[in-house]
Amino acid sequence: MQGGIKMKRVLVACGNGIATSTVVATKIREACEDQGVDIGVTQCKLLEVASKVSDYDLLVTTGKFEGEDVNVPVIGAMSLLTGFGEEETIEEIVNALK
Amino acid sequence: MILKIFNTLLDAGPTVMLPLIIFVIGLIFRVKPAKAFRSGLTVGIGFAGIKLVINLLASNLGPAAQDMVKNFGIKLDALDVGWGAIAAVTWSSPIIAILIFVILLSNIVLLILKKTNTLDVDIWNYHHMAIVGIMTYFVTKNVALGVAATISMAVITFKMSDWTEHLVKDYFGLPGVSLPTVSALSSLVVAVPLNMLLDRIPGINKINFDIKDAKKYLGFFGEPMIMGLILGGVIGALAKYDITKVLGIAVNMAAVMVLIPKMTSLFMEGLMPISEAAKKFTKTKFKGRKFLIGLDAAVVVGNTEVITTSLIVIPLTIALAVVLPGNRVLPFADLAVVPFRVALVVALTRGNFIKNIIMGLACTGAILLAGTKTAPVMTELAKSTGIDLSMAGGALISSFAATSLTVSFIVFEVFTGNIMITVPIFIASFMAIWFYIEVIKKRKKGEKVETSEEKSPVLQ
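In order, the protein sequences belong to chains E and C. In terms of the working numbering, the first sequence has 49 at position 49, counting the first letter as 1, and numbering is strictly consecutive. In terms of the working numbering, the second sequence has 442 at position 442, counting the first letter as 1, and numbering is strictly consecutive.
Because the hints were derived from the structure by calculation, they are not lab data.
Taking beta-carbon pairs under 8 Å as the criterion, some of the chain E residues facing chain C (in silico):
hint : residue
1    : Asn16
2    : Gly17
3    : Ala19
4    : Thr26
5    : Leu46
6    : Glu48
7    : Thr62
8    : Met78
9    : Leu81
For glycine and all other residues, C-beta sits at the position ideal for the given N, C-alpha and C.
Turn these sequences into a full structure, and let the hints steer you where they fit.
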């Protein structure tokens, strides 16, 4: 336990839980490390979101997520793949995890 | 001297070669040496991990598949080990470094000539194009032919990405991107002609029903661990194992389904710095020009229609594998990536459910047959990279990737066939399709651009 603050957990989902989610997860991890935000990142397939998301504080998806309602904030992270608007999205994610 | 060093490294096998190749590719893209080294090592670890999991899969599923043949005559002895294993085999080929640059160069040349708008720096998905060249090289022992096959794959991929941009924009609502992911594009070669055919059947576009409950009842087909558990159990039962052994194979197969993606993501993690460097490099080269950014098709498979269609196509594909004459592929690991194979089909029909199922199944059927045909070559290639299949009881390996994909299969057959005949036919057909789509179709104004993509060569 570090200072009693609960570490925020983020779920990163993409089509197969391998490729694009790894890119996004790595970028989130690096950005949070830079800013000293302590987080835990888990990757999964979009299909698994429904069964997993309740254990997390934030859901980040690489594509359009239009599945069922989830009870945590959702951020789309396409920009981390295309490279356009990357900084804004990273900022949004880091702020949500602070 | 250099040759001697090279041969020593080659003898050490992919586990040593792979980190080295990635390290060198990294340096060429100006990744910092320390980072490039870690990249290489991470990819090497991923490969070692995949080898372990494939061993677990083959030693469990192989003998059971053989027993299934004995007991019921269900001859499904080409194990679907999944695209991750195929990607591992691809990245450990001695000619992979050449092919990566050949693909990137093909993209840059086409961009300069303004023959494509797709900027494809999704290096990760280069493996789909590279494997065709690697298998061609493996069969013909001719590097030039391997390179030519990969260039063909690259050109087809970039063109098909251009031609499907409107589907990505209109149906999936993602403007400014295209999807140079062969595993998604390939299905269109089957789906587009079939779509035209189906449209001639009166009334088919009017039949439309909603299956909202598909997710509720078939959702487990989307959860790898549950699917692995059930499939493993069923296969164990068909092999007439006793209950202890059935439970054992069920849990082991659930493990395989969960572990393969974990190992594969190490690959991705290792390749990421290189991919990022390539992105930066090409972007500065083409400053000011408008592009379609090539992305992994993973960005569209979250679509509800795609998921629903997949959940129905997956069990139907398993059934099809049993009844389809000539098929020997036992669908397994790649059932998890069926959404990629149906994504553009769904966009093509704009979500017509009945057509999606028919066409989706036709696409997976084509994959099964091409996968059967090329399984012997794939098996030999995998063995040559040190994947241990000795416990598999003589079973072959296959997947829903590599030359099982329709486009890849055609290109592979073209370059390993009688090239004096096949190559000219192939080039002529591709040019004709190109001309049809970009000249004739554009001329037909008034009508909105119909949903038609490409159809590759006439090689039946």
